[in-house]
Amino acid sequence: MNAAFRIPGAGRLSQAKTASFSFDDKSYTGIEGDTLASALLANGVHLVGRSFKYHRPRGFLSAGAEEPNALVQIVRDDARKTPNVRATVQELYDGLTANSQNRWPSLAFDVGAVNDIASPLFSAGFYYKTFMWPKSAWKNLYEPKIRAAAGLGVSPDKPDPDHYAARYAHCEVLVLGGGAAGIAAALAAAETGARVILADEQAEFGGSLRFESGAKIDGENGYSWAQAAVAKLKAMDNVRVLSRTTAFGYYAQNFVGLVERVSDHLKSPGRELARERLWQVRARRVVIATGAIERHMVFANNDRPGVMLASAARTYLNHFGVAVGRNVGVYTANDSAYAAAIDLKKAGVNVAAIVDLRDNPSGPVIDEARALGIEINFGRAVVSAGGKLRVSSMTVQPKNGGGERTIPVDAILMSAGWTPSVHLFSQSRGKVAFNDETKRFVPGTYAQDCVSVGACNGTDGLSATVDEAYAAGAKAAKDAGAKTGKGIKPKVDASESWSRGMLGAAPGAGPGTTVKAFVDFQNDVTAKDIRQAVHEGMRSIEHVKRFTTNGMATDQGKTSNMHGLAIAAEELGKPIPQVGLTTFRAPYTPVTFGSIVGHARGALFDPTRRTATHGWAASHGAVFEDVGQWKRAWYFPKAGEDMHAAVDRECVTVRKTAGLFDASTLGKIEVVGPDAAKFMELLYTNPWEKLEPGRCRYGIMLREDGFIYDDGVVGRLAPDRFHVTTTTGGAPRVMHHMEDYLQTEFPHLNVWLTSITEQWAVIAVQGPKSRDIIAPLVEGIDMSDEALPHMSVREGRICGVPTRLFRMSFTGERGFEVNVPADYGEAVWEALWAEGQKHGAAAYGTETMHVLRAEKGYIIVGQDTDGTVTPNDAGLDWAVGKKKTDFVGIRGLARPDLVAKGRKQLVGLKTKDPKVVLEEGAQIVADPKQAIPMKMIGHVTSSYWSENCGRSIALALVAGGRDRMGETLYVPMPNGTIEVEVTGMVFVDEKGERLNG
Amino acid sequence: MLLIRCPYCEEERPELEFRNAGEAHIARSANIAAESDDDFEKFFFIRANPKGVIYERWRHIHGCARFFNAVRDTVTDKFVMTYKAGEPKPEKLPGASK
Ligand SMILES: [Zn+2]
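Top to bottom, those sequences are chains A and B. Start counting the first sequence at 377; every next residue gets the next number (our numbering). Start counting the second sequence at 409; every next residue gets the next number (our numbering).
In short, the hints are calculated from the structure, not lab data. Note that CB positions come from ideal geometry on N, CA and C, so glycine has one too.
Simulated pairs of lysine-lysine, BS3-like, Cα-Cα distance not exceeding 27 Å:
| hint | chain 1 | residue 1 | chain 2 | residue 2 |
| --- | --- | --- | --- | --- |
| 1 | B | K486 | A | K851 |
| 2 | A | K1311 | A | K1288 |
| 3 | B | K450 | A | K1277 |
| 4 | A | K775 | A | K950 |
Pairwise CB distance ranges, derived in the manner of DEER restraints:
| hint | chain 1 | residue 1 | chain 2 | residue 2 | range |
| --- | --- | --- | --- | --- | --- |
| 5 | B | R436 | A | D1339 | 34 to 42 Å |
| 6 | A | R1173 | B | G430 | 39 to 47 Å |
| 7 | B | R436 | A | K1214 | 50 to 58 Å |
Given the sequences, and given the hints that come with them, work out the whole structure.
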């Protein structure tokens, strides 16, 4: 059964292939190849949405990507409810479900439409004026209300179940736009053998050939020629043809972002199909063939459903076989709308009248319209559209005033002329130039290796367009290094010609009127709003734009920018180019987050790094924490233990017997070469020349400004070889910092730097029984205190595999760090664990590691320091080589501020109530009774419950801290002020005897 | 995404492989410990931040890992040229805008 407005014999769709769909719970039938817009229009549905601010009823303005009004929600299932889909772009599939937006309770009766009556409240700049005070009301009152009232669809509340693909591509010539110009350019470029990509946003190629019934190329109807040409291009190995693909962003050096809609047009896309595919294309040359967009006429109530662009009505008729009405009026300031009237008339639609603002135009289309018996009125304006949910009449008046006449119509087709689509050219940082004669902005100065052809370049007429595009395609390929092609230029046999139009408000919406003549439909900006902005002092178009929100909606002002600019210019009494055009920004049309994110979500969002013992830790019940990209075992709870209990047990066990800890994530860098010691002298504050091979030293690395950058234990394996460790998080930047100095400041030093973080697994065995656990497994290393004292390193074998065995301690206990090649990490861990079990050792995680080191006052760079802490501040002055004449940071350390009295120094804190554990980051004051805001003298950097001490312990940075030993300070918290005593930083074994215990 | 020519690899590679490392041709004094506060301030804290041509350091961190110098126009983002670390500031710039 044919829908009421589908015209038999018209259009290109096969009427046999029907598709049923629903809109606002009502069922309709369309045809395969329809857009949702054409299918609704075929059923006589024009009312599809409510406007953003005034909730005015809206229909379809266009038949393409520029659509500002017909935004709908497409619902596939609970998780797939895509809002703000342009019905003019959404292809129909059988079973499609769409809903209108921004209306309640229904589209025809919308309570929010009261905004239309109360519209003086909502004039330009109303957000800024009405909702100014008080500030807190924004968050709690205004914003939620405004958002609820002015909605653009509802976001889905479930995770997106679809997947999105991404591709990189390279080519010699990228052609953006697949109308006559783009196809001609692609043909010319492809014939040279160059790699060509041709992309168009529509499902079918052809651009305006979809509606231009008068075009003939190579003896064929224009649209048929386009299909044949594209088929030829698709068959070529060097050409990639992408339909449903929008070039949304033009970036530096011909890097263009395209998004391909892969499956949104399918009834049931298989799981294997991506929803969209992001193409990131690098092209030697880009040919921009993005065409032009028709502008509407600015007159009162020009937003009534049924009032649309003339070219859209033609597209619906000539491509989809749909009449947008039975009795249409035409309002125009240029020739192209005549063609729409002629096509509709020939298809049997009554054309009530053509109203032409021009005084005495002439030309073949005007003659033809007259010959068809259509009433034509020159020098007249449509001053108002009648009707509410659908246009019912147009009121016509001589443009200089005079008697009005109301003509009943069910649609008004309008055209104020065509705006070249310079969006992508402008995004490429090209500068547009205003052509005073044709009143349009066209590409002026190019910033990149691209060229604009056809309508987007201001080229009129199909013949001139094809000539220009074909030559440009050939030149682009040649400039990109291709040979000359041997193709034949397409021959244009017949074309339509469009002369100019008008910009700004038409009579009836002129100065002095307060009618609602819309400039920007999506943001509900009227001609009056633009004038008001100028009256209120906006002088630059950028200000007018922000004040009125003209052109700031999701359609980016494709139909409204030029009108808004012309009205502002008129009001300012300045020529248009002096008022300026607003900047075009990516994306050209809205792009889903999914296509930008691609596969980088969930587990693939960021790499996960796991140590060699990860599997063992997981199977032994470890709870993991994220440290950068690493998964680290946090604690190992036994049955029934919470974190607190597990950490207490682990802490006590390490000091009583021993514990095993995976320290593999520490950064490791091997510094090798004849000048290795000299390099270490320059990069660390400590002296290194005299460190004997086989010994270790705790090193501090500064930035040039004197602040601590990193720290770690360094072992000297040989005169020319250092095994440097860094903090877990600092590994890459320390490597970068070292390379920077080696390559650019000290290139005379003969040194190599190698990251060995991933090569060595590190198992820390700490506690009084640590040697007993390790010794049975070690070969070739004398484990006695005399042969292997604290802070030494030996190479040998453990469990039969090579090891770098460090005697060192981050717990204050006798301790070792067993480095083995990472592949053996798990096996050696298992062997050590088995030995450890004999002594009652525990596996411990990062939380226990933190507590144990804090009990000893060992700092963690990045926790107890924050980039403003010097070695002296941290109590580590002993690690700065006093006799050294140079190291990175030596001069910074002498800066006046860094040697001044009263600097924040790291100290210990004990709460007066030993059970209270301070919060890390809490601020410290000297006098809790002072007025707010209080003077803060420092903050807590580390704080834990210490089961070994039977109380809480903390480290803090406090102004003049070391002179405050024994003083009482205060930590004001929401639930009361906590009293603390300033102490030294060592809470366990102050003399350090346990290192050999 | 910019394309940057690594003077060591002698190839244009995507920006993703590189890391900016601040202004170039700021030499660290061989006797830095003896520098005055003013000189140290100039060396460490003060940067030109020009509108137009800037000389800066880049590192081909995910490629050959070498540091090199580049001349870039901060208005257009365009790289005028790149050259190896340690080479003098070029006197003549090919096709510089200003
Ligand atoms: Zn390189």
